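Residue numbers (the working numbering), protein chains in the order written: chain A, 1 to 287; chain B, 1 to 245; chain C, 1 to 323.
Read the hints as simulated data drawn from the structure, not as lab findings.
All values reported here derive from a predicted model rather than from experimental measurement.
Hints may be right or wrong, so weigh each one.
[Claimed, not checked] Calculated lysine-lysine pairs in the DSS-like style (CA-CA distance at most 30 Å, straight line): (1) C:118 with A:118; (2) B:121 with B:29; (3) A:185 with C:118; (4) C:302 with B:92.
[What the hints assert, rightly or not] Some chain C residues flagged as far from chain A (calculated, every beta-carbon gap over 10 Å): (5) 45; (6) 165; (7) 206; (8) 270; (9) 275; (10) 311.
All C-beta atoms in this analysis are idealised placements derived from N, C-alpha and C, irrespective of residue type, glycine included.
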Amino acid sequence: MTALVSIFVLGTIWGAVYSLIAVGFTLIFGVAGIVNLSHGAFYMLGAYLAYTFMTLLNINVPLSALMAVAAVALIGMAIDYLGIRPLRERHAYVLILTLALALFFQELMYGIYGPYGKPVKSFVVGEIVLGGVYISYQKLITLFVAAAFVILLWLFIKKTKTGKSISAVAQNKDAAILMGIQYEKAYRMTMGISAGLAAIAGVFISPILEAVPTMWSFPLFKAFAIVIIGGLGSLEGAIIASLLLGYSETLVSFLFSANYADMVYLIAIILVLVLRPTGILSKGRRA
Amino acid sequence: MDAVLEIQGMSKAFGGLQAVKNFDLQVRKGDLIGIIGPNGAGKTTVFNMITGFIRPDSGEVKFRGENITRLKPFEIVNRGLCRTFQLVDLFKEMTALENVMIPCFSHRVRQRRAQEEKPWKTAMKFLEEMGLAKRFNEYAKNLPFGELRLLDIARAMATQPDILLLDEPFSGLDVEDASVLSAAIKQMHQKGQTMIIIEHRLRDLLKLVDRVVAIVFGEKIAEGNPQEIMNNPKVVNAYLGERRD
Amino acid sequence: MEGYEELFGPRRFYRRLLGLGIFSAIVLLAPLVVEDPYYLELLFLCHYYVILACSWDLLSGFTGNINFGHAFFIAGAGYTGALLNLNLGWQYWLTLPAGGIIAALFGLLVGVVTLRLKGPYFAAVTFCFGALLYKWFMVSSKSLGGEEGLSGVASLSDSPLGNYYFSGIFMIAVVLGLYFLSKSSFGLILRSIGENETASEGSGINTIYFKVVAFMISAAIAGVAGAMYAHAQMHVGPEMAHDSLSALVLMMAVVGGMGSIIGPIMGAYLLTMVNESLRFMGELRLLIYSGAVVAVILFAPKGLLEILSQGFRRVTGDRQKAV
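Okay, chain A solo, but in the shape it has when bound:
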C-alpha cells in the first residue's frame, strides 16, 4: 500500500515538474516551429542561479526565485533574438545551434562552478506523512507551484489577448500576420515564457537535486518525448503526457531500478515516432 502511494505521489510530483518544462517546449515548437535544444539549459540556469542567489549571496528565497526566473527569461529572449531569429527557416541549423548553446552553457557552469553538485537549502524544511509515506515539504511546494504555473499558462493562452494572439500565430502564421499580429514579438514572448517556466522548475528542484553542469540534458529529452506523445503545440497533451511519463518512470524505478526508469522516455520516443509519426494525442499535425 505504501508503495502505491509512494509511486502515485512521486509520479505526480515528477509529472508536474516535467510539465513545467514540457509546456514551454511544446509552446515554442507549436508557435515558432523550432526545436530549442537549449531549453534544458534554462532549467539548469534556473537551478544555478537559485544556488548563486540563495546559497552564495544569501538573498531570501522569494526574491532569489524571482530574479533567477526573470534573468533566465531574458536570456531566452536574447537567444531568440540573436541566435534563432536569423535562422528561422533553417531548422537543421537551429537544431545544431541550440545544441551548441546548451553545451556552451554546460561548460560555462563547469568553468564557473566546477563539476561537483551545488546544494541549495530547502525552502521549507520538514516533511509530512501521507499514507505511510514521508514526503518533504519541498516536494509538495514544487508540486503546487508547478501545477499553479501550468494552470496560469493555460489561462494566459486561452483567455488573455496576448495569449490568444500567440495561439493564433501557432495555428496559422500567415493569417495572424494579416490580422496585424506581430509574430516576431509573439515568438520572443513565447521564448521568454517557456524559458521562465523551465527556470521555475530548476529553482524549485535545486534543493531536491543538486545543480550539476550536465543537468540540462535529461529534462530536454524527456520534454521532447512528452511533446511527441502529447502532440506538438498541444498544452493539454503536454500535461497529460508529462504525468504519464512521471508515473511510468516511477513505476519502473520501483520495479527495476532507476537506470531502467531512464530508458522509458527513450523507448517511448522511438515507439511513438515509428508507430504514429504525428503523436498519440495530437490533432494529426504532420511530423
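Once you've looked at the hints, dock chains B and C against the given chain A.
Showing chains B and C alone in chain A's frame:
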C-alpha cells in the same frame, strides 16, 4: 478504344470533406487534355492520386493495363507517368543541369539511356529543348520564375514519360513567359507527347488542348472539346463570379 | 556552351585527385618529420575523428537529416570487436570487418526506423538509439563491464607509429572513397533527397533505397573506426556510446563544412588539435568548441570550407563553382 491511362471511380475524402468524387477519365496516346475547375475543386488531388502521392479511398488507376493505384510515386514515374508541381520547388541549391540530371538516374532512364552517353549530356538535351541550355550552370534558386517552370518541365521530360502531367504550369507567369510555355507545350504535343494539364487560367489552356474536363467540388461536371465546354451552362455557372478570359 | 565540357571532363577529376593526393602524401610522409610518440598518438586521434566526421557527413551533410546518434554505430562495433577479441581471440583483421558488418546492420535498423522522419524527429530517434545503448552498457556490469567497460583488448600494432600508419591508410582510403562517392551520381541523388525529397521521388528516385544505403555505409565506416579505436586503446567503455561523442563528431563536421566530405576533414583535425592544446584548460575546451560552433552557424553556416573557398576564389579570381 485504346486507352493508355484509365481512371475509374476515383474518390478521396479528407476528414469530413469529399475532395474528389467518382472521377473517371480515359486518356489515349497523343491526347492533350485539360482539367479545369475553380480553386479548391480537387484538381491537384486528382493528380496526387494518379501519381501515387495520395492513396484514393476508392477507385482504380490503370496505366497501360496495369493497376497502379497502390504504387509508390517513384514506381509510377518509372513506369512512365511523371508530373510537375504547382509550387515549383525543385532542387534550389543545385544547378539547372544537376536538376535535370536527377531523373536521368532513375531506373527507367538508366535502362533506356544509351550506354555510352554521359548523364549530363542527356540532361543538356532536355535543357536545350526547353530553351534553358545557357543556364545550365546557374543555381536553380537564381533562376527567374518563368525559367523555373520550364526547368520543372525539363526535369519531368527527362524521365521520358509516356504521359506528362502539368500542374498549373501557367500560374504566376507573365504574358511573355506564358507564350514561351504555350509554344513549348505545342511543340511537345506535335511530337506526340501525351499530356494532361491542370490549369486555372482558361485562356491559355483552351487554346492548346483537344479535350477538356471540368471539375467542380470534386466531381466531373462536363467533358468535351474546348468549344463545347466554353458553352456549357454548368461550366459557365461554376466560373461565374470568377474572372473569365 | 563553353565550360560544361570542363565541368564534367577529366580535368576536374584529376584536379581533385591531385589535391587529395597531396594530402595523402603529407599524411604518409609526416612521420619522417614527426617522431615524438606523443604527436603520433595525437595524429592517430585526428585520423580517427576524420573517419568519424566524414562518415557522419555522408549521411547528414547530404540528406540534411541530422544524425544525433553516430556513437550508436561506433560503440556497437567497438564493443563487438572487443568481445570477439576477448572471447574468441579474433585479431583485428577479423574484428574490424565484423564490427563493420554489425554497424551496417545497426545502420539498416536505424535507417528503416527513421525512413518517414525528418528534422527534429529524425534527430530525436537517432539520439535515442545512442542513449539506449549507453544506458544498456552502464547497467550490464557482468557481461559488458558496466561503467568500467572491457579491458585487455589486443593492441592494434606494437607502436604509436604502427597505429599512426594503420589509421592513416584507413583514413586515406575512407576519404578518397567517400569523396568520389559524394561526387558521383550517388552523392547527387543524396543531395536531391536532402533538398526536396518529394521532387526526388517524383523524378523516379527510390529514396528509400538511397537513404538506407547511405545509413549503412555511414554506419559501417564509423563502426570499423570504432573497432580500430578499441584495439588501439585496448579498451572499450560506455563513453564510446555517449551522446557527447555524437555531438563532438557532429560539431567537427559542421565547423568544417557539412555536405562536402572535405570540410569534416578540416573540422576534425582542427578540433582535435585544439582539444589537445587546450588540455590545460580542462573542461573549458568544450566551451570553446561549442562557442566555435555557435559562431560558425551564425556567421558562416557552410563552415570553414566555405570561408576558405570564398577567400581562395577572391584571390585567384576563379569564378568556377566550388570544388
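- Query: Which numbered hints does this structure break?
  - Reply: Those not satisfied come down to hint 1.
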